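The sequence shown begins at 887 in the working numbering and counts up by one.
Because the hints were derived from the structure by calculation, they are not lab data.
Please read all numbers here as calculations on a predicted model, not as lab measurements.
No incorrect hints appear here.
Straight-line alpha carbon distances no greater than 25 Å define the calculated BS3-like cross-link-like pairs of lysine-lysine that follow:
#1 Lys917 - Lys1003
#2 Lys917 - Lys1012
#3 Lys976 - Lys1031
#4 Lys1003 - Lys918
#5 Lys981 - Lys1031
#6 Lys964 - Lys976
#7 Lys918 - Lys1012
#8 Lys980 - Lys1031
#9 Lys977 - Lys1031
#10 Lys981 - Lys918
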Amino acid sequence: MVDSSVIIDKLTKKIHPSVSADSVPEDDEEKKWRRWVDDHLVHILSPNIYRSSSEALESFDYITSHGNFSFAERLTAKYAGAVAMYFVSKKLKKKYNITDERAALYEAAETWVDALKGRDFLGGAKPNLADLAVFGVLRPIRHLKSGRDMVEHSRIGDWYTRMESAVGVSSRIQA
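Start from the sequences, fold in the hints, and give me the full structure.
Listed below in structure tokens is the structure:
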């Protein structure tokens, strides 16, 4: 999730190897929102997905059930990881001056929807790199409690559904 713009730039180069990163057209609005993802949105996620012990366990249950872990590794990673990240998330909350993590998540979702200005995507009729950056950061949390709450308590659900249709199902290979 961190440095999503760097990841997107590398993917763009892989998709279009003959095009240099400098020659890929990107408008100021797209750059602004990609920076917003890297500088703001990603910092809100950990305090949300590890907000409580039950949410931390839910997150690690997802991680360990979708990874290539033995039974013992799965149990160790789930419980030790959940405990560790619960405490890390409290430090991150303090570091980024987040008083109410859910309110910050809903506010970020609303900020993004406002940026669309009634368009289907920030890119207009098709997603641009900023749409992909936001979607890439939110996709992993979508079916966790924090993601379900975000969709329920903000207007981001319609955009998210359009992005799911535009991007398609994950091409992740099952371990």
